[in-house]
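Start from the sequences and build out the full structure, keeping to the hints where you can.
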Amino acid sequence: MKILVTGASGYIGSKLAHALAVKGNTVHALVRSAPSDSLLKHPNIKIFTGDILNKESLAVAIKNCKQVYHTAGVVRLWAKDPDIFYQHNVSGTQNVLEAAWKEGVSKFVYTSSCGVWGSCNDHMLIETDPRTSAFDNDYDLSKFLAEKSVKEYGSRGLFTVIVNPPRVYGPGPLRHSSGVNRFILRLLRKKIALLPWRLETKANYAFIDDVVKGHLLAMDRGLGGERYILGGENISYRRLVETVNTIGQTKNLIVRMPPVLFKTIGHIELVRGKLNGHDPLITPNVAKRLQSDKMFDCSKAIRQLGYHITPFEEGLTTTINHLKNNLYENEQP
Amino acid sequence: MNNPKSNYTLITGASEGLGKALAIECASRRMNLVLVALPGSELHSLASFIRRNYFVGVLSIEKDLCRDESCRELFNEISSLDLNINILINNAGIGGTGLFENGSIDLYEKQIRLNVLATTLISRLFIDMLKRNRSAYILNVGSMASFFCLPKKQVYGATKSFIYFFSKTLRRELKQNNIHVSVLCPGGMNTNPAVTLLNKTGNYISRLSIMNPEEVAPLAIDGLLKGKPVIVPGRMNRVFLVLDKMLPEKIKDLLTGSTMKKINPDHSLVRYLSVVAEPGSGEQAIA
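In order, the protein sequences belong to chains E and Z. Mapping to my numbering: the first sequence position 13 is 1007, numbers consecutive. Mapping to my numbering: the second sequence position 115 is 130, numbers consecutive.
A couple of the hints might just be wrong.
Stated by the list, open to error - Every beta carbon over 12 Å from chain Z, so not counted as near; a handful from chain E, in silico:
1. 1098
2. 1165
3. 1245
4. 1262
To be verified - In the DMTMM-like style, the derived pairs of lysine to aspartate or glutamate whose C-alpha atoms are separated by at most 25 Å in a straight line are:
5. E:1040 - E:1097
6. Z:215 - E:1130
7. E:1145 - Z:77
8. E:1142 - Z:79
9. Z:215 - E:1263
10. E:1142 - Z:57
11. E:1282 - Z:237
12. E:1294 - Z:237
13. Z:215 - E:1273
14. Z:215 - E:1075
15. E:1257 - Z:230
16. E:1145 - E:1273
17. Z:215 - E:1077
18. E:1184 - E:1308
Claimed, not checked - Reference listing, derived: stretches of chain E covered by chain Z, where coverage requires no fewer than 3 residues with Cβ under 8 Å from a Cβ of chain Z:
19. 1118-1130
20. 1135-1145
Keep in mind that the hints were calculated from the coordinates and are not lab data. Since this is a predicted model, take the numbers as computed values, not measurements. We treat Cβ as the ideally placed atom computed from N, Cα and C, and that holds for glycine.
This is the structure:
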């Protein structure tokens, strides 16, 4: 079967393209520029250079495809021009939906994010829960608007399923969207771990292989119009660092950052970012997000899709081995 | 009483924005809730979220309070269930920004019906029930627009001044019955996705004063339970109020004239409004 994967050079997209290709599908991999490395090398992967903002390139890539995985999107903590979140994540998604509608594809899986819920206080959130805090950043809002657009096409008759991954870790290319991998890498290399003050702050960490399989399951068994949280275990910063230290045989001195300091550094970095255009290490908003709980419950995906969660220790062992074996590659920014 | 009824807090307009934040705040303070919002809103999912996580009683009722029969039905439903309302939060309201000549008659009618009439009717209907408590509370949601004559917010501002005077007067009347009436006057808030988008298009000063509902809600409930007559959340908003008392009219007009050109229709984000707002509603987003 011919299947379109947008964002095919991305963290989730590239792994997904391979998983589909290995199963014998012909993958139409939409990328903005053809990757020079072996990232998408597979006889079943056909590379289409284009852009979700360019409708003509989409029409070419989607030709004869029966299914669409729309994973492309801007996943960043910050952008000098916040418009890019809306252009790519909202208008881009609308373009892909429109192309899918015109092509008459049978199923459409959209990769959203757990960001649509924001923080959770001390509760585990499920798919039907409302967002309890205002949209305090452009990424979350853009993904929410994109979901709205997906639902709108769903109500027109396009078979759509939305998947919501949380923070994702595991072997794969280092991208903006693999922040957890970069954090683990830093723990392996540096002696000091800077962490939010409350070490018991918990977030959900999903193993990349689970997330990729979850996409395939959502396409296979997902109910139209539904969304599924494709997560992992809810882990505190303390447990994250301790587990990395045990598996990676490293030792980190944990330095807890008081919220005020965290925020101040965020403000300084933000000014720096605005002045010279470099990505700030942290922004006040990101500091706030890192200091709030983001726990999720994946029971629905487990029940309805047969989704599987790799135990955190197991996933982390694979990840650390990968990161250590690819240290040279990871030296590059 | 041998068999006291459970106390409930009634919150109107609870499905989104400030109402949702107030519901969660009250639940976190162990209050049982009666939540009211428009049919078709996400009220029931909010109710089940609160039940699952806060272990309080939650009754959700879908009603369009623009219809005065709905206000009566609401009262009858609650009475027939034998629930005792000891805190009433009149939060439901319709906002909007735009020149008077561009707004529809329908919108203005709805604004007045919901912001003014529903608040008055519901307060009147529940007054006897509230009186039966040893002490009870009414929180009405006004706005910073209760104080200023803001261009593009004529009808809205007028309905909110009604709320302000109504609340302060009612407070004096009901003092002897131990019913504490407060009026909450928040500035701009990121109440829902459409308004959040619009708020991003404003200038620096107006963006600085924008608050999130989850920041306002705890201040509102704190102020209410302390019996404050007027609750103005946020430092920026309080600065605006002080300036209001100090500056001559001419200068105030100049200031509010420029800061309240909040919405820039040429802003690139405005086109994404169509994803969340009704087609054609443009500037008149519902707050």
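Verification of the supplied hints:
no. : hint            : in the structure
1   : 1098            : holds, 24 Å
2   : 1165            : holds, 35 Å
3   : 1245            : holds, 38 Å
4   : 1262            : holds, 19 Å
5   : E:1040 - E:1097 : holds, 18 Å
6   : Z:215 - E:1130  : holds, 11 Å
7   : E:1145 - Z:77   : holds, 23 Å
8   : E:1142 - Z:79   : holds, 24 Å
9   : Z:215 - E:1263  : holds, 21 Å
10  : E:1142 - Z:57   : holds, 14 Å
11  : E:1282 - Z:237  : holds, 23 Å
12  : E:1294 - Z:237  : violated, 38 Å
13  : Z:215 - E:1273  : holds, 21 Å
14  : Z:215 - E:1075  : holds, 13 Å
15  : E:1257 - Z:230  : holds, 17 Å
16  : E:1145 - E:1273 : violated, 33 Å
17  : Z:215 - E:1077  : holds, 11 Å
18  : E:1184 - E:1308 : holds, 23 Å
19  : 1118-1130       : holds (count 8)
20  : 1135-1145       : holds (count 5)
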